[in-house]
Each structure stands twice: as structure tokens, then as C-alpha cells.
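There are 2 protein chains.
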Amino acid sequence: MSGAILILSGPSGAGKSTLIHKAEPLIGDYYFSISTTTRKPREGEIEGVDYHFVTKEYFEQEIKEGEFLEYAKVHDNYYGTSLRPVKRALAEDKLVLFDIDVQGHRLAKERFGDIITSVFITPPSYSELKRRLLDRSLDNDEVIQKRLDNALKEIEAISEYDFVIINDDLDRATKEFVYIANSARLKLSKEELSEFVNRWRSS
Amino acid sequence: MSGAILILSGPSGAGKSTLIHKAEPLIGDYYFSISTTTRKPREGEIEGVDYHFVTKEYFEQEIKEGEFLEYAKVHDNYYGTSLRPVKRALAEDKLVLFDIDVQGHRLAKERFGDIITSVFITPPSYSELKRRLLDRSLDNDEVIQKRLDNALKEIEAISEYDFVIINDDLDRATKEFVYIANSARLKLSKEELSEFVNRWRSS
Numbered sequence: 024m025s026g027a028i029l030i031l032s033g034p035s036g037a038g039k040s041t042l043i044h045k046a047e048p049l050i051g052d053y054y055f056s057i058s059t060t061t062r063k064p065r066e067g068e069i070e071g072v073d074y075h076f077v078t079k080e081y082f083e084q085e086i087k088e089g090e091f092l093e094y095a096k097v098h099d100n101y102y103g104t105s106l107r108p109v110k111r112a113l114a115e116d117k118l119v120l121f122d123i124d125v126q127g128h129r130l131a132k133e134r135f136g137d138i139i140t141s142v143f144i145t146p147p148s149y150s151e152l153k154r155r156l157l158d159r160s161l162d163n164d165e166v167i168q169k170r171l172d173n174a175l176k177e178i179e180a181i182s183e184y185d186f187v188i189i190n191d192d193l194d195r196a197t198k199e200f201v202y203i204a205n206s207a208r209l210k211l212s213k214e215e216l217s218e219f220v221n222r223w224r225s226s
Numbered sequence: 024m025s026g027a028i029l030i031l032s033g034p035s036g037a038g039k040s041t042l043i044h045k046a047e048p049l050i051g052d053y054y055f056s057i058s059t060t061t062r063k064p065r066e067g068e069i070e071g072v073d074y075h076f077v078t079k080e081y082f083e084q085e086i087k088e089g090e091f092l093e094y095a096k097v098h099d100n101y102y103g104t105s106l107r108p109v110k111r112a113l114a115e116d117k118l119v120l121f122d123i124d125v126q127g128h129r130l131a132k133e134r135f136g137d138i139i140t141s142v143f144i145t146p147p148s149y150s151e152l153k154r155r156l157l158d159r160s161l162d163n164d165e166v167i168q169k170r171l172d173n174a175l176k177e178i179e180a181i182s183e184y185d186f187v188i189i190n191d192d193l194d195r196a197t198k199e200f201v202y203i204a205n206s207a208r209l210k211l212s213k214e215e216l217s218e219f220v221n222r223w224r225s226s
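Protein chains in written order, with the working numbering: chain A, 24 to 226; chain B, 24 to 226.
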């Protein structure tokens with residue numbers, strides 16, 4: 024047995040973190056994949072919670088060794104999704120949760136095809152997303168507009184996902200997330216399946 | 024919204040009926056697809072529970088109208104999976120359960136692709152399957168051998184299924200089945216998704 028992967032995508036403002044937090048006691052042991060960065064921790068940021076903070080040399084070495092699912096350089100700092108902790112968690116038979124965008128989902132599917140389940144989480148409508156982004160007043164107008172434009176683009180890829188959760192009722196959405204996460208955990212890789220069939224026939 | 028389909032395959036002796044029966048109170052409203060036949064009901068068989076019993080004329084008319092997912096003629100009697108009650112149950116937003124073989128699964132995938140989840144249910148090993156078939160002494164040796172040969176063939180198709188349930192511990196298997204059935208219900212068709220996206224953008 025080995026682990027499986029659950030990909031979560033959807034616009035900022037869809038309520039992904041709240042959903043995971045609420046579902047947490049009901050989905051068993053999991054590892055939440057966090058990004059790795061070379062930028063310095065900000066006030067209050069914690070290693071292993073907010074980011075994995077590493078040196079530039081380490082990051083570039085990992086790129087060379089193909090240990091990033093994806094990475095980008097922003098203002099002279101690297102940000103990326105490191106595969107090392109993911110592979111470790113999978114080997115420990117954990118469910119790995121990824122909060123990544125449409126492009127990251129595509130890369131993950133190429134890399135881990137059989138053991139991936141994916142879910143797109145979205146507010147019920149564009150206007151509701153806009154309302155939420157304005158209400159939480161975390162971002163300035165320019166950033167909000169960018170998030171909205173991005174959401175309009177990302178929702179076009181919704182049919183690439185196994186499931187869609189419309190987050191208009193947190194209790195219902197949490198229930199759905201729990202079902203999806205617990206079934207996601209049951210996914211077997213092609214290798215596990217062919218081992219199972221061999222064992223099955225000969226025992 | 025419309026319903027979704029959960030396909031169950033696996034050898035006779037895998038414990039499918041017991042599993043469904045145990046999971047029943049936990050998976051919500053569903054319709055279990057039963058076969059249609061032109062043979063006469065046997066002592067104790069009930070219309071709508073064991074089979075849909077119909078006339079030969081009706082069956083042949085339904086074949087002409089493309090209303091069978093699959094059918095076969097055995098000893099001058101027809102047996103088949105009628106699509107009419109399935110479509111009705113889907114329109115009522117139900118989860119439709121099918122207990123069909125590997126070939127039936129392939130046909131169902133062609134016909135209902137997006138809204139299908141499939142699970143292969145199996146005893147933990149070939150020898151355990153043999154033991155169960157002998158223990159229940161429902162079949163003669165020839166039939167048992169045929170079931171075993173068939174199981175060896177069908178298990179080769181296991182990787183075509185979304186999930187595998189190894190039925191060696193009924194409580195664990197039931198739990199897994201409940202997760203799978205409840206997430207299966209959340210599948211949306213391509214049409215539902217594209218309608219949702221259109222509504223999402225404009226509201």
C-alpha cells in the first residue's frame with residue numbers, strides 16, 4: 024500500500040482553507056503540501072507551516088535533480104512545490120493534499136496520474152466571489168481585479184477535475200469534501216494493482 | 024442536477040450483495056438496476072425485485088429502439104439491462120447501482136462516461152474465492168469451476184476500474200463502499216458542468 028493525492032484548486036475566496044479545517048477531524052491522516060521558498064520568513068511565519076524556507080543554493084540543486092513539480096522566480100526569490108516531502112508522505116501511506124492552480128493540477132496529473140483525485144472548489148457565482156474578496160478587505164482593488172480575472176480563466180478548466188464543490192453552504196460542502204477525501208485515499212497505482220493481481224492469482 | 028452511476032463488478036462470491044445491504048442506510052437514495060428477462064418467473068421470484076419480467080414482443084421492440092445497454096439470448100429467453108428505468112432514476116437525481124461484468128462496465132462507460140464511478144469488489148485471493156464458492160454449496164462443481172475461470176479472466180481488467188474493494192473485512196469494506204458511493208453521487212456530466220460555468224460567469 025502507498026498513499027494517494029487529492030488536488031484542490033479554485034479561486035482565492037472559495038473557502039478552501041475553512042473547508043479543510045472543518046473536514047480535518049473526519050478525513051484521517053494527511054499531509055498538506057506547502058510551498059518551498061528562498062525568501063526570508065516574514066514576522067510570524069513558521070517553517071513547515073507557512074513555507075519551507077531554504078537557501079538559494081539548495082533550491083537550485085533541487086531544481087537540477089528534478090525535485091520540483093513546478094517553480095517560479097519572483098523578484099529574485101524562488102517559490103516552488105517540492106516533491107521530496109510529497110514522496111515521503113506517500114511512502115508513509117498518507118493522503119497528500121495540494122492546493123494548486125489549474126496548471127499545477129495538469130503537471131501533477133502527468134507525474135502521479137493514477138493516484139490523483141482532483142476537486143475544484145468555487146463560490147456559487149462570480150458576483151459572490153467578488154463580494155467575498157471585497158468583504159475580507161485583504162487585498163487592494165488591483166489585486167482583487169487580478170483575482171477575479173484569474174477566476175474567470177480558471178473556471179474554464181473545471182471539466183478537467185474529478186469533482187466540483189460549490190461552496191455556498193459550508194456544512195454541505197464539508198460533507199462532500201469528506202466523502203471525496205476518504206474515497207481519494209482508496210486510489211491504487213497501476214503498480215499496486217498489478218502486484219495485487221499477481222498475488223491474488225497465486226494465493 | 025441529475026443523478027450518477029456506480030458500477031459494481033467482481034466475481035460471484037465477492038460478497039457484493041452483503042456489502043450493498045450493509046451500506047444501504049448510509050448511502051442515501053439509490054436505484055439498483057435489475058435485469059429484464061422474457062423467461063417466466065420461478066417460484067418465489069418477484070417482479071421488480073429479482074427481474075423485470077416482460078414479453079418477448081416487448082423485449083424485441085426495446086432492442087429495436089436501442090433501449091438495452093446489453094442483452095443476450097439464452098435457451099430461447101432474452102436477458103438484458105434495460106436503459107429505460109436507469110434514465111428515469113437519473114432524471115430523479117438518484118444514484119444508480121449496476122451489478123455488471125467487465126464487458127457491461129465497458130459498455131456503460133461508452134454510454135454514460137462522465138457520470139460513472141466504478142468499483143471492482145473481490146475476495147482477498149483466488150483460494151479464498153474458491154473456499155467461499157465451495158462453502159455456500161449453491162453450485163455444482165462444473166459451475167464453480169466456470170465461476171473460478173471467469174474470475175481469473177475478469178480480474179485482469181481490474182485497472183479499468185476507479186476503485187478496488189478487497190472484501191476480507193466486512194466492516195472496512197462497507198466503510199470504503201460508503202465513501203465511494205457518496206462521492207460517486209457528486210459526479211457531474213459535461214453538460215451540467217458547462218451549464219454551471221455559464222451561470223457562474225453571468226451571475
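Errors might be hidden in some of the hints.
The list cannot tell twin chains apart, which means a pair is met if one copy fits it or any two copies do.
[Claimed, not checked] Listed below are the simulated DSSO-like cross-link pairs for lysine-lysine, each with C-alpha atoms no more than 27 Å apart in a straight line:
hint	residue 1	residue 2
1	Lys153	Lys213
2	Lys213	Lys176
3	Lys117	Lys79
4	Lys132	Lys213
5	Lys45	Lys198
6	Lys176	Lys117
7	Lys63	Lys176
8	Lys87	Lys153
9	Lys153	Lys132
10	Lys96	Lys45
11	Lys169	Lys110
It should be emphasised that the hints constitute simulated quantities derived from the structure, not laboratory data.
Outcome of the hint check:
In this homomeric assembly, Lys153 and Lys213 come within 27 Å of each other (Cα to Cα) only across copies, at 26 Å, whereas the closest approach inside a single copy is 42 Å. In this homomeric assembly, Lys213 and Lys176 come within 27 Å of each other (Cα to Cα) only across copies, at 18 Å, whereas the closest approach inside a single copy is 33 Å. When the C-alpha separation of Lys117 and Lys79 is checked against a cutoff of 27 Å, the pair qualifies neither within a copy, at 29 Å, nor between copies, at 54 Å. Taking identical chains as interchangeable, the C-alpha atoms of Lys132 and Lys213 lie at most 27 Å apart whether they share a chain (14 Å) or sit on different chains (20 Å).
For the homomeric pair Lys45 and Lys198, the shortest alpha-carbon distances inside one copy (9 Å) and between copies (21 Å) are both at most 27 Å. In the homo-oligomer, the alpha carbons of Lys176 and Lys117 never lie at most 27 Å apart, since the shortest distance is 32 Å inside one protomer and 32 Å across protomers. For the identical chains of this complex, Lys63 and Lys176 are neighbours neither inside a copy (31 Å) nor across copies (58 Å), given an alpha-carbon limit of 27 Å. Taking the closest pair of Cα atoms, Lys87 and Lys153 never come within 27 Å of each other, the shortest separation being 40 Å inside a single copy and 52 Å across copies.
Taking identical chains as interchangeable, the C-alpha atoms of Lys153 and Lys132 are never at most 27 Å apart, the minima being 30 Å within one chain and 38 Å between chains. Taking the closest pair of Cα atoms, Lys96 and Lys45 never come within 27 Å of each other, the shortest separation being 33 Å inside a single copy and 53 Å across copies. For the identical chains of this complex, Lys169 and Lys110 are neighbours neither inside a copy (33 Å) nor across copies (43 Å), given an alpha-carbon limit of 27 Å.
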